[in-house]
Amino acid sequence: MALDTSIPVLVVDDYKTMIRIIRNLLKQLGFEDVDEAADGTEALGKMRERKYGLVISDWNMEPMTGYELLKQVRADTGLAKTPFIMVTAESKTENVIAAKKAGVNNYIVKPFNAQTLKGKIEAVFGD
Amino acid sequence: MQSFDTQHVGKVIDFLRNGRKADDVSLEDVMGLAELMAQSLQSYFKTFDVAIYRELGAMAEEISAMKRELSELQLADMRHQRIPEAGLELDAIVEATEAATNTIMTAAEAIMSAVPADADGYQQTVNDRIVEIFEACSFQDITGQRISKVVRTLGHLESRITTLVERLKIMQITDAPREETPEERRQRELILHGPQLSGEGVTQTDIDAYF
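Line by line, the protein sequences give chains X and D.
Using the working numbering, read the first sequence as starting at 7 and increasing by one per residue.
Using the working numbering, read the second sequence as starting at 167 and increasing by one per residue.
Quick caveat, the hints were computed from the structure, so don't treat them as lab data.
For each residue, glycine too, the CB sits at the ideal point set by N, CA and C.
A couple of the hints might just be wrong.
Going by beta-carbon spacing under 7 Å, a handful of chain D positions derived as facing chain X [stated by the list, open to error]:
1. M244
2. H246
3. V260
4. T263
5. L358
6. H359
7. Q362
8. L363
9. G367
10. V368
11. Y376
Anything over 12 Å on all C-beta distances counts as not near chain X; from chain D, calculated [stated by the list, open to error]:
12. A226
13. M232
14. P343
Using 30 Å as the maximum straight-line C-alpha spacing, the simulated DSSO-like pairs for lysine-lysine come out as follows [stated by the list, open to error]:
15. K315/D / K116/X
16. K124/X / K98/X
17. K22/X / K315/D
Please build the complete structure, drawing on both the sequences and the hints.
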């Protein structure tokens, strides 16, 4: 089954360059509808205004981290089923386990390449 | 006894009255007071015990030597010159890497959006942008030199702190219990470790095993 690249994607990162990198990689994969937020609070606000088909979020942000965003999303019945991929430099086992327990769909450690991003998105959507 | 009170204790009292407050006492003040007391009490104790007199003389000399050694550590130079300079170098590194990244990404985006159907125009765009990417990569040379300067400063700092710890025998003092700061608490609760060094942390393959 081909990946549905028409879904709106929300990229959450406090580092503008990383948003730009992910946006360009997504564009190469065919995703054109890409929105962005600089931290969890802004992302949560956008998610309550628009239904996104995928959230790709950094972990370490202020004031709201990606980990807190994930937990809030999973606790919100209207947002709980949104696919959520964590893309982060946090590479300790306890981070991965905590994210998994909180309901993350996949986890990418920085630095990463286009193939990894593509593979994880495909894995989330069962392709 | 009268001689001791007026001639020696008087100096100590003058020192203590010299505008010192409990929360404004430096290590230098403490050493100064100890040195003064050791010197002042020498003549007093000399009157009835030569051994104590000698001991006080040795203490006074040791304190003077320690003051000399501390001044040789050039701690003021570290605090006012080298550490602020290292901070500026790190800021410059962040700026340079950010500028280079932007240049490289802008060039890559231009190549990505170039139209292959126009073969000549496409070739020109690719060539021009590749040159820009090469030029932008020169940031690594400058930032490498800046990082070397910061590493040298950290080396100086480490060496001087080690010397200070040895001179003052600080390691013989047990660390007092300290309360967790709000920032430390946030880092612990939200599992914020930051990037790991090569070989530390888990790999993408390890992570994939969880999904």
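Results for each hint:
1. Among the interface hints, the one on M244/D is violated; its C-beta lies about 31 Å from the nearest C-beta in chain X, farther than the 7 Å criterion.
2. Nearest Cβ of chain X to the Cβ of H246/D: about 31 Å, over the 7 Å cut. The hint is violated.
3. This hint is violated: V260/D has a C-beta 11 Å from the nearest C-beta of chain X, more than the 7 Å allowed.
4. The beta carbon of T263/D comes no nearer than 9 Å to any beta carbon in chain X, farther than 7 Å, and the hint placing it at the interface is violated.
5. Below 7 Å, beta-carbon pairs count as interface contacts, and L358/D has one with chain X at about 6 Å; its hint therefore holds.
6. Because the beta carbon of H359/D sits about 5 Å from the nearest beta carbon in chain X, less than 7 Å, this interface hint is met.
7. Given the 7 Å rule on beta carbons, the hint for Q362/D holds: about 5 Å separates it from the nearest Cβ of chain X.
8. The closest approach between the C-beta of L363/D and any C-beta of chain X is roughly 10 Å, which is over the 7 Å cut-off, so the hint fails.
9. Here the hint on G367/D is kept, as its CB sits about 3 Å from the closest CB of chain X, short of 7 Å.
10. Nearest Cβ of chain X to the Cβ of V368/D: about 5 Å, under the 7 Å cut. The hint holds.
11. The interface hint given for Y376/D holds, since its Cβ lies 5 Å from the closest Cβ of chain X, which is under the 7 Å cut-off.
12. The beta carbon of A226/D sits about 53 Å from the closest Cβ of chain X, which is more than 12 Å, so the claim that it is off the interface holds.
13. Listed as a non-interface residue, M232/D keeps its Cβ farther than 12 Å from every Cβ of chain X; the least gap is roughly 43 Å.
14. Separation of P343/D from chain X is adequate, the least Cβ-Cβ distance of about 25 Å exceeding the 12 Å criterion.
15. With a C-alpha separation of about 27 Å, the suggested pairing of K315/D with K116/X holds against the 30 Å cut-off.
16. At roughly 23 Å between alpha-carbon atoms, K124/X and K98/X fall within 30 Å of each other, so this suggested pair holds.
17. Restraint check for K22/X and K315/D: satisfied, since their Cα atoms lie roughly 28 Å apart, inside the 30 Å limit.
Taken one by one, the earlier hints fail for this structure at numbers 1, 2, 3, 4 and 8, listed in ascending order.
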